[in-house]
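The listed protein sequences correspond, in order, to chains D and H. Numbering of the first sequence is given in the UniProt record's numbering, commencing with residue 1 and proceeding in unit increments. Numbering of the second sequence is given in the UniProt record's numbering, commencing with residue 1 and proceeding in unit increments.
These aren't lab readings, by the way, just hints derived from the structure by calculation. Only true hints are included.
Chain D side only, calculated, beta carbon under 10 Å to chain H, not exhaustive:
(1) LEU218
(2) ALA260
(3) PRO272
Beta carbons are placed, not taken as given, at the ideal position from N, Cα and C, and that holds for glycine.
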Amino acid sequence: MTTSPPVLEVNGLMRSYGGGKTLFRKEKPVIHAINDVSFQIAEGETLGLVGESGSGKSTTGRAVLHLETPDAGSVRFRGQELTTLAGKALKPYRREMQMIFQDPYSALNPRMKVGRFVAEPMVVHGTESGSALQDRVAELFRLVGLDPAFMSRYPHEFSGGQRQRINIARAIALKPAFIVADEPITALDVSIQAQIVNLFQDLQDQLGLAYLFIAHDLSMVRYLCSRVAVMLRGRIVEIAPTEQIFSDPRHPYTQSLLAAIPVPDPDRRRPPRPPFDVSRNIPPREAQMAEVAPGHFVLDHPIQ
Amino acid sequence: MALLEIKNLTVQFDTPGGVVHAVNDLSYSVEAGETLGIVGESGSGKSVHILALLGLLPTPPGRIVSGEAWFDGQNLMAMSDRALREVRGGQIGMVFQDPMSSLNPVLTVGRQLKEVLVRHTDLRGRALKDRMVELLDIVGIPHPEARLSQYPHEFSGGMRQRVMIAIGMACNPRLLIADEATTALDVTVQAQILDLVRKLKEDFGTTVIWITHDMGVVAELADTIQVMYGGRIMERGPVRPVFHDPRSAYTWGLLNSLPDEGARTQRRLYQIPGSPPNMAKPPAGDPFAPRNPFATERCRAEVPPLREVGDVPGHKVAAWYDLPALLAAQKEETQ
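Here chain D stands alone, though its shape is the one from the complex:
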């Protein structure tokens, strides 16, 4: 994992909102959605990104993909700096990096046949056309476990799990190297979640994909990811190999997250534990990561 070269290197990424004048207020306060976020993902690796709502997980995913322009910091794809590129120069890299969203219902166009929806990126990028395009779409349907005969149907004819499969087929259509999956199983029925998680793994095995897997279900993260990064108020406070995070969490916020997972066993009781006081423990700007074990980094700041 750590020996293969990174497909993605993120360094000191920042993104803030506000600051500008509005009609009713002179200046809005600046909110740092993400602050000094740095991590690497190796080829074919899965990095989990966890934290509460508002911690900056989704903003990180969007900034990495250039769906939002970062204020500062660097994003390198296979060594190529992306933050200085724009427009046409960025286009070839957009093919390599795709996104899968939480809600499989709103991501699909209700008036577009699902076959065309999956074909669209290939048409836009001009990678396939004619019967080759049709063959490729059929191949993608089979890859994600859907019958190619469904190509001419509309989204409303599919269940939630099938819709997420369609979204995944579109995301892998351009043979990307890296996918940001933002809570991709949260909106699905429990009996379907395992199906989609297995599909993620199968596609990784077959296509060598690397994932940034954004989630709040820590048990699924433990299963799927080789490393985990924990975010708190826009900062990564801990990043380590998955088993290290679960067996030896060092940051008190990570500890409180893990202690809060309900255990599906009536004989084991989650120990009652006072929650981590987020508002009193916002990491200061100057806080630095310290390596506490090989590959295990913790943000060093005083805790109340």
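Could you slot chain H onto chain D? The hints should help.
Same frame as chain D, now just chain H:
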């Protein structure tokens, strides 16, 4: 004694795609002081049957075909809207999933709490105000006095859900019904809410129906688990035998598809094949049969009755097959 007893409840929806069979001849009871955890996915009928018995089902398209719901000696299904309004929010408290749409955005939180208390209790003036402050305090909202004059948008998602629970608990209900009340919350906030509900049970002896898709939440909170699918009960019983010795292939599949704790032992998770049933075209027999690798001809043809199973009283399953025997045979085959 049963505080709530549901008898032969059947609910359907009339849609352009046909009649949706949402709840099918559902019967169960909840004892006073018991916590019942109901687990199910979309189309299981877990939410619809609650809306039906509380008189909150939109009709049309919904239609209560038959059934009774006895609460404390009264049949909720036979009550007038007005009488039912007195029960709802009073003796029966409710907390639903989405606090953003359940709270009125243009009224202060205090005003909304007051509305419930004035309707269902004799509290007025100073005593009323004290009770409002006390309620926000019980659910762990800091500075309750100041918070009463704030609007829902000034609360975070977790705090709004606490307000909903405060409103649900306002009149010391005998029965609290929560439908996916913590699903949208962060895991740390969920843990606090679960601790709070457990404390309310201890302090007030409240009977609870907790609807969720999370087996972990049920294991933590419930005395009895009821697994629903296709508008029917698939399995039901005290949590320990159901978790440790499931008798329905659906319960078994749900438990088995959860990732193991500890180091990863297998590359792929166990997955239940197929999709939840389309209840406009319900399967003829056992609703889970089309997705059940153990299903027999009889499962596909005939609906199995809910029957006692195993050694623990109250453990019931609706299945024609004998799951432990099938699993043992399967194990022998692979060895």
